[in-house]
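> What follows is the residue order along each chain.
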Amino acid sequence: MTPKPSKVLIIGSGPIVIGQAAEFDYSGSQACRSLREEGVHTVLVNSNPATIMTDEGIADTIYIEPLTVPVIERIIEREKPDGLLPTLGGQTGLNLAIALADAGVLEKYDLRSLGTPIETIRTAEDRGLFGKLLEEIGEPVPESETVTTMEEARRAAKEIGLPLVVRPAYTLGGTGGGIVQTPDELEHIVRGGLAASPITQVLIERYLAGWKELEYEVMRDGADNCITICNMENIDPMGVHTGDSIVVAPSQTLPDKEYQMLRTASLKIIRALGIEGGCNIQFALAPRREIADWEPRGRGLPPYYVIEVNPRVSRSSALASKATGYPIARVAAKIAAGKTLDEIPNRVTGKTTAAFEPALDYCVVKIPRWPFDKFPLGERRTGTQMKATGEVMAIDRTFEAALGKAVRSLEFGGRSLLWENPAWRDIDPRDYVAIPTDERLWAVLASLRRGATVEELSGLSGIDPWFLTKMNRMVEVEKRLLSEALTPDLMREAKRTGLSDGVIGTLADRLPEQVRGLRTEWGVQPVYKTVDTCAAEFEAETPYFYSTYPAAAAGDGENEAPALPGEKALVIGSGPIRIGQGIEFDYSAVHAAWALREAGVGAIMANSNPETVSTDFDTSDRLYFEPLDEEGVRDLLENETENGSAPGRPPSTIVQFGGQTAINLATPLSRANLPILGSSAEAIDLAEDRRRFEDLLQRLGIPQPPGAGVSTIEEALQTAQLIGYPVLVRPSYVLGGRAMEIVQNATDLVRYVAEAAKISPGKPVLIDKYMAGIEAEVDAICDGEGGALIPGIMQHVERAGVHSGDSMAVYPAVGLTEGEKTTIVAHTLRLGQALDVRGLMNIQYVIMRREEGESGVYVIEVNPRASRTVPFISKVTGVPMVRLAVQVMLGKTLRELGYEPGIWPEQKLVAVKAPVFSMSKLIGVDTHLGPEMKSTGEVMGVDRTFEAALAKALIASDMSLAGRKSVLLSLDDDTKPESVPLIRTLQSAGYRIYATEGTATMIQALGIPVEMVPKRLDEGYPNVVDVIREGIVDAVINTPEGRVTETLRDGFHIRRAAAEKRIPCLTSIDTAAAAVDALMRGESTEGGFTVQPLRDYLDT
Amino acid sequence: MPARPAQLVLEDGTVFRGESFGADVTSAGEVVFSTAMTGYQEMLTDPSFAGQVLVLTYPLAGNYGINAEDVESKRIQVAGLVVHEACDAPSHWRSERTLGEYLASESIPGIAGVDTRALTRKLRSAGVMMGAVTSDETPEQALARLRSAPRYGEVDLVRGVSTDEPYEWDPAASDVRLKPDPQRNVVVVDDGVKYNIMRLLAERGCRVTALPPDASAETILALSPDGILFSPGPGDPKFLDYQVATVRSLIGKAPILGICLGHQVLGRAFGADTFKLKFGHRGANHPVQDVETGRVHITAQNHGYAVDPDGLSSDIEVSQVHLNDGTCEGLRHRSEPVMSIQYHSEASPGPLDNVYVFDRFVEMMDAVNSG
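Top to bottom, those sequences are chains A and B.
Residues 4 to 1103 in my numbering are what the first sequence spells out, letter by letter.
Residues 1184 to 1554 in my numbering are what the second sequence spells out, letter by letter.
What the hints contain is simulated information worked out from the structure, not anything from laboratory work.
It is possible that part of the hints are untrue.
As the list claims (entries may be wrong) - Derived DSSO-like pairs (lysine-lysine); straight-line CA-CA distance at most 27 Å:
#1 Lys1421(B) - Lys1459(B)
#2 Lys1421(B) - Lys354(A)
#3 Lys7(A) - Lys111(A)
#4 Lys354(A) - Lys1461(B)
#5 Lys979(A) - Lys911(A)
#6 Lys1421(B) - Lys1436(B)
Claimed, not checked - Over 12 Å on every C-beta distance to chain A, these chain B residues come out as not near it, computed from the model:
#7 Ala1287
#8 Asp1298
#9 Ala1400
#10 Glu1401
#11 Glu1500
Claimed, not checked - Label-pair distances were calculated between CB atoms; the ranges are:
#12 Leu1404(B) - Ala295(A): 39 to 47 Å
#13 Glu542(A) - Arg1280(B): 33 to 41 Å
#14 Glu645(A) - Arg1280(B): 32 to 40 Å
#15 Pro73(A) - Gly1477(B): 24 to 32 Å
#16 Lys1461(B) - Gly558(A): 21 to 29 Å
#17 Leu132(A) - Gly1477(B): 30 to 38 Å
Cβ atoms here follow ideal geometry from the backbone N, Cα and C, with glycine treated the same way.
Given the sequences, and given the hints that come with them, work out the whole structure.
Next up, the structure:
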């Protein structure tokens, strides 16, 4: 039996990257609270400030520090924990635990790894050891070989035969792996895989094309009690990473014999590995008789293979927790603290214990959220390397309805079930069924519409006919809606088949609002059922609900969610994690729910993202797991409207915290006379409508970069000429800087406007003067009574033109003058008042300094909602921004809350927020910084000085140049002059400098030694790509020209090579200058910065 | 073709509406729910469900069809089946027909489209009750039929599902992979045994002979058994009190294992009473704790009655309890090789965590034989 530790160090997962998203904030926060309940002192370290787990009150001691061995050793030295919990921080946590063990740190401080022994982590992660262990216990693994060189790989490939799958050791989200069908692909993919693996090792394995892919979530305690929490079936068969697969829970096509066969194997494996806690096991299962009985596999061999084990909580375990109501991380933490399953209460039923297996009485569908709306040029094919940034989940009592709701939840550029790729007018969509991409689901539906059969599509895709039959049902109902009169029965059938009001309207030639009207008239309305872990066997105490339409024959069905009594408000979450709308918004939504509860107001949460803290059943008083579209939200608001003797009032909705997802609901909800808490829909529109906002600024006398909205090419050219190039262009009404560009000349402008007209015809294009000044931003809480509190001003390291989400931000604004700050504060206060903001607001400014020392402070953008920087600025100023915002929404003034309007006193710390990218995983995506956001996550470096904070932020975001030896420079003409000091510094710091032709000539002219490298890939060896791939350089500074030219294409190869080699590639001269600066100010020594709990920085 | 409307009429007058699938006939029984998410074919053919209308809480039934192998007896045993959705296009390489076709072929009615969660919630709070599935009678007619028909607890259901004649289990008839030469003789007193009990015993080197429920101790012993198994079966154990004397006279003669109904019979033989649970234990996720070791196993369960350990004689101890409600899940004789379990160690459907019980049974036999 595991003895109970008294103080436990928990390693967080760091920044959000593809393969490691919000799920680890969910599991980490749950685990911290779970351990504290047990009286265990929790010490948490994470570099990601946008997390709930790094909030005061979650862990006992919180460090926001870079996740490196030396830093963690310093924390261990200081805190002296007696246990390490490495299984909650994703792959990052596991890798660090192994690194700590290898460095002798665990031994030195007598630190015990809780839950999963270090040796088990090694066994599960090392393909060779893993295969050996499974062989010992008689569990089949696909024929494979571990290799460390290209040569070994070729030999192994010969033995096993193509096709093969390549899996690098110790990477997350399958980074660097792939499927090999040809000898060429073998070379390419193995090379990538070896580079991706921190130990230069990949596994070459038989590719089980078309086999079913299953996952089991397993739990084991110190007394060897084992249970499975949930199994999940990937609709996409083997070959597509489970993170990129559409997944259903529980499995749908497995008879009990197969279900139990894999369950038994799962228990055997977790026992053999000796894991105490949670674990995820993936299987390939033979889909057909001829495969199951295939002789060469040997007689008596069961018809499955074990593919992978994750000896930790994972994305899948978060999904399983939300799919079942069983809190895996919470229970795993209790087990780590020495409890057995039967000693842990089941908080859902309040009566039973954690020692049982959840029974589901609904079907759960997860769909990945891919970033290809942001990166239309990226390689959309899905394979062993995960590409999705997030996911959505939907629950219903039919598969079709769950799938339909999941699609509604995706918020992918209005892609409804009816969406078809315009290319399918000419190309048979069946071509898109055979090749897995993010569009496959839609290609299946399109093919079915064109008469393809289930058998045919199953043959092409390997998708089980069961799923395809269900999709065909959806298409059949579509056809009925096109050809038959809309009746109550057909309406009900359509809702049960997952069709939204919008889709029904499109097919039955009605507006969505009319469809809704008919539904109300006919009484076709959803009821809400409970997720209770036990299929209604016991009464549930947790209010976790999903909507469903009962069958026509069944009548109205039973509604288990009568309106919550008393005063209450609905918080709209932010939906799936995507670029531009990350975990920061979930952070705010969670705090909003907490703030409501604290104020004695019932908090209702609505969200569709299973990875999040907001969808934890105890974050709010009531959770609706629903699509965040108008239909879903209005349905649940109607359900929350008490229908007593007098017609009830619907609860107010808070739209400020769920990013653009929530703010987009302001207008539709207002139109439906549903009350909004905080800033009105009118205020939101005033800030978002370009023309109205321009008028307002003029009236207030606040300057903004000159510009206009244009509809024709002629207008565009005229405007640009008037304000002068370069100009910043973007389509109106888009999110996250999507399709924003800096345009340097008329030719490019014509191209841009023509393209924009094609993409969104009729919508104006916005053209603004591009001002390459200093960018600053503020968040403010406005109480609607004239008071506004500005917790702090942030200054960006990169000049304007780089999306604020991709910029490094510094608090306090160390480079701004007092005058500039005063102007920013004044503008902010006036804007808050003029827009009548009640709640949060974010404003971005650009500061242009003139010769005579005067500055112009221009407003670039106002967002009347919680921004991405709310968690960062809340943490470094200590101002509970969301709580205050909710309080003012409920009617309090800032003064009543004890806060003086104006700017909050500057803290005596410096904090730097740095973006983190996932570019190595997105083949074909250009990595250079620009007006369009590309980062997936963020880290924070906090310290006493700017230099130390910067150094930490760079280390934590893997952008640090420290410890590297040679740098490749390839600079555009504009940045060459200003890069001179940087180059000199690099030289004096002893770096070997490589440069492309033009840059090398410039450097030579400075009298600095430089190696010239050909830029063209067909000119000599080593060229730019060779020096990167072969590790001759270990960092790249490449500033691209701001337009699509040959140069940009050349630079593209450089940047892609750097991304794939996973070395820093700095594409803004400002970031580069900062990184080089940090280098010179002691970054290279760990002693150059402080390591201490976050609250110690704040206290002084 | 629109499906025919059907109803589930409960004895308290509640009507759950849906559509008919399976046979268009009226059939009544005790309405019970199972929370197992897979294994509908095994459940349908489990004799312990005789006299009952089975409600599946998992909403999608019939997904993987019906095959020739996954049966637990020679026919469908339930009186009727209630589901939320019945799949008419199943997908699995072993599937031979649909769930609806299977029910129809054995004249069993099914009803789909029911709000099975609402129904389960009702049964959970009001307790199990009699009900009729019908598509050819009005709710009033069905209710009248229910009121005049005998109640579940009033019928000796074992008679209907057990064997009348002794028979030997033919391992070749099942898909037992390993067929070692049988080393041991096991007599199964068949109160409605599941095939998987036979399969698991055969796999462990047992020659299995099944006897009718009223087989006397002399008849059993005449087969010189190495072990005797009292099988699961349907209904109130009080109907089997004729087995109580048989059990008592067999103690010490050969190792005895009682499963489910067999466990209840053993309990009654050792002086305990049995009582009806409010809504029973039916599913594949029931946690059972070993009293001695504290270990928890996930079990498959299907029972509506339980042993009240209060009256147990002193040479019997409760060996296992249900973790959720503390009811008795296992008994053990302190000195003789006699044990019983309330749950279904043979699974099918359900987790295979407890097949070790059969290993123990074999060990008991071998210990007696070698001792």
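> None of the hints should be skipped; say for each whether it holds.
A quick look at each hint next to the structure:
For the suggested pair Lys1421(B) and Lys1459(B), the alpha carbons sit about 11 Å apart, so the restraint of at most 27 Å is met. Among the hinted pairs, Lys1421(B) with Lys354(A) is inconsistent with the structure: their alpha-carbon atoms are about 31 Å apart, more than 27 Å. Using a Cα cut-off of 27 Å, the hinted pair Lys7(A) and Lys111(A) holds, with the two alpha carbons roughly 20 Å apart. Note on Lys354(A) and Lys1461(B): the hinted pairing holds, with a Cα-Cα distance of about 16 Å set against a maximum of 27 Å.
Using a Cα cut-off of 27 Å, the hinted pair Lys979(A) and Lys911(A) is violated, with the two alpha carbons roughly 36 Å apart. For the proposed pair Lys1421(B) and Lys1436(B), the alpha carbon gap of about 24 Å is at most 27 Å, so the pair holds. With a minimum CB-CB distance of about 19 Å to chain A, Ala1287(B) clears the 12 Å threshold, and the non-interface call stands. Not every CB of chain A is more than 12 Å from the CB of Asp1298(B) (nearest about 5 Å), against its label as outside the interface.
For Ala1400(B), the condition that its CB be more than 12 Å from all CB atoms of chain A holds, with the nearest at approximately 36 Å. The beta carbon of Glu1401(B) sits about 39 Å from the closest Cβ of chain A, which is more than 12 Å, so the claim that it is off the interface holds. With a closest Cβ-Cβ approach of about 20 Å to chain A, Glu1500(B) is found to remain outside the 12 Å limit, as its non-interface label requires. Under the hint 39 to 47 Å, the C-beta atoms of Leu1404(B) and Ala295(A), about 44 Å apart, fit the expected range.
A hinted range of 33 to 41 Å holds for the C-beta pair Glu542(A) and Arg1280(B), which are about 38 Å apart. A hinted range of 32 to 40 Å for the beta carbons of Glu645(A) and Arg1280(B) is inconsistent with their spacing of about 49 Å. At roughly 43 Å, the beta-carbon separation of Pro73(A) and Gly1477(B) lies outside the given 24 to 32 Å, and the hint is violated. Separation of Lys1461(B) from Gly558(A) is about 26 Å and conforms to the stated range, judged on CB atoms against 21 to 29 Å.
For the pair Leu132(A) and Gly1477(B), the supplied restraint of 30 to 38 Å holds, since their beta-carbon distance comes to about 32 Å.
Hints 2, 5, 8, 14 and 15 from the earlier list are contradicted by this structure; the remaining hints agree with it.
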